[in-house]
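Asker: Position 5, counted from 1, in the sequence shown is what the numbering used here calls 5; the numbers after and before it change by one each time, with no gaps.
Source of the hints: derived by calculation from the structure; they are not laboratory data. Quick caveat: nothing in here was measured; it's all calculated off a predicted structure. Built from N, CA and C at the ideal position, the CB exists for glycine as well. Careful: at least some of the hints might be erroneous.
Pairs of lysine-lysine, DSS-like flavour, derived with a Cα cap of 30 Å [stated by the list, open to error]:
no.: 1; residue 1: K218; residue 2: K111
no.: 2; residue 1: K320; residue 2: K111
no.: 3; residue 1: K285; residue 2: K320
Per label pair, the in silico range of CB-to-CB distance [to be verified]:
no.: 4; residue 1: G256; residue 2: V49; range: 18 to 26 Å
no.: 5; residue 1: L82; residue 2: I253; range: 24 to 32 Å
no.: 6; residue 1: Q96; residue 2: S360; range: 18 to 26 Å
no.: 7; residue 1: L127; residue 2: N62; range: 48 to 56 Å
no.: 8; residue 1: Y77; residue 2: L127; range: 44 to 52 Å
no.: 9; residue 1: S413; residue 2: P64; range: 41 to 49 Å
no.: 10; residue 1: T367; residue 2: L127; range: 38 to 46 Å
no.: 11; residue 1: Y199; residue 2: S413; range: 22 to 30 Å
no.: 12; residue 1: L51; residue 2: N409; range: 28 to 36 Å
no.: 13; residue 1: L295; residue 2: P202; range: 40 to 48 Å
no.: 14; residue 1: L82; residue 2: P365; range: 47 to 55 Å
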Amino acid sequence: MAVITTRTAARPRSGALAALLLTLADPAAAQEVGSDLRRFLRDEATATVHLSSYYFDRTDPNPPNNVAWAGGGWLGYQTGWLHDTVRFGAVGYTSQPLWAPQSTDGTNLLKPGQYGYWVLGQLYGSLKLFDQTFTAYRQLIDELEVNSRDDRMTPSTFEAYALRGAVGPVAYFAGYVARMKPRNQTDFLDMATVAINQYGRPPATRSSGMLLGSLRYKPIPNLALRVSGYFVEDILTSGYGDAQWSTPLAPDITFGLSGNMMVQGSNGTNALTGRTFSTWSGGLKATLGWGDFTLLGVYTQVGDSAPYREPYGVWLGYTKQQVRDFDHANERAFQVGAGYDFKGLGLPGLTFRTSATMGSGAIDPNTRAYLTQNTEFDFDTEYRFDAIDRPDWLKPLSLRGRAGLVQGNLNGSSTGAREFRVILNYEITFRGDGKR
């Protein structure tokens with residue numbers, strides 16, 4: 001039986017080889033194949049070089065402080081579409097210590113212990129049919145609560161098998177996420193382990209992947225609706241939805257209003273905390289744009305039965321700040337902020353944003369005791385060289401400085417924290433046709 005099976009399997013390979021030889025024997029056909037491959041691998045392909053420098057300095061009420069300066073970035077390559085059907089890509093990431101005392105670990109710029117790292121964060125193949133794209137293996141995902149959390153040297157990436165596309169006016173994402181690489185790690189961990197390492201009691205006793213889906217819809221030009229949900233067996237079930245609306249009030253004035261709502265809870269064996277829990281969070285945000293000025297006002301609230309957990313990305317609460325997230329159980333937060341674009345003063349590319357966020361009511365849901373009530377002041381300045389008249393080689397450069405100051409109060413006792421960040425990014429994308 002084994003001999004018969006081997007011979008049967010060999011025939012298709014022999015036929016395929018014969019067909020390939022016949023194709024190569026035809027000069028016109030061979031030239032067409034060569035042309036397709038050149039477009040696929042070179043002419044329509046892109047290579048990206050991203051260089052970063054990141055200085056992070058945080059002083060917390062309880063030592064040790066967290067300080068490091070890291071350099072690195074990533075190198076990526078993506079083919080073109082072969083017959084508008086198949087594409088491949090890969091991205092390698094690195095973060096290396098430039099100045100990183102071991103006594104000030106904890107910045108998340110480097111691996112624990114202030115060690116540098118290299119990792120193949122993306123390695124994927126995509127198949128496109130009828131304008132719907134299926135992507136497999138290591139990739140970026142930015143689907144609301146599951147996102148790249150790209151606020152350090154390198155982003156979180158995911159081993160996933162996902163379908164993306166649109167049905168009429170509705171864009172969708174549907175997939176299975178098997179593993180995640182946290183932003184400053186090199187190992188891809190199953191989704192249960194990621195959550196337990198952050199919010200549970202390691203080591204993880206359960207291994208689970210994630211079912212993830214999202215929808216996006218714009219019924220009218222100035223209204224956008226989004227909804228998403230994920231399920232990790234025995235760990236978390238979570239759902240998110242938001243609406244964003246804007247309207248002009250005058251030729252130079254625009255008003256915007258946004259609202260979001262999210263709910264989550266344990267499921268199955270409750271392996272994350274060992275007990276059943278559920279919670280929610282909601283928020284409203286109003287913005288007013290007047291020329292180069294922007295003003296905003298925000299309110300958020302979290303349910304009192306549990307804090308809101310976000311193991312798979314940046315929290316989407318409107319009052320998420322540089323230092324604090326304001327996501328504790330029963331926490332309510334108000335925020336006011338302002339921004340200015342200096343292009344009106346002859347400095348295009350320079351922007352400034354500031355905000356003040358006042359939290360109250362945060363509790364430990366188990367003991368009902370009050371936690372520290374925080375107020376945070378943030379300042380953010382960015383200069384993007386692509387907006388100014390400079391040589392082309394300088395335009396990919398951006399410089400950003402951020403500062404966060406926190407004042408805490410608990411039972412009349414005051415504490416403080418401060419955080420400073422200085423970030424440099426420089427990215428160039430090369431195309432096979434010689435364009436950038």
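Asker: Now look at each hint and say whether the structure bears it out.
Answerer: Evaluated hints:
no. : hint                     : result
1   : K218 to K111             : violated (41 Å)
2   : K320 to K111             : holds (24 Å)
3   : K285 to K320             : holds (12 Å)
4   : G256 to V49: 18 to 26 Å  : violated (36 Å)
5   : L82 to I253: 24 to 32 Å  : violated (49 Å)
6   : Q96 to S360: 18 to 26 Å  : violated (42 Å)
7   : L127 to N62: 48 to 56 Å  : holds (51 Å)
8   : Y77 to L127: 44 to 52 Å  : violated (18 Å)
9   : S413 to P64: 41 to 49 Å  : violated (21 Å)
10  : T367 to L127: 38 to 46 Å : violated (52 Å)
11  : Y199 to S413: 22 to 30 Å : holds (27 Å)
12  : L51 to N409: 28 to 36 Å  : violated (42 Å)
13  : L295 to P202: 40 to 48 Å : holds (44 Å)
14  : L82 to P365: 47 to 55 Å  : holds (53 Å)
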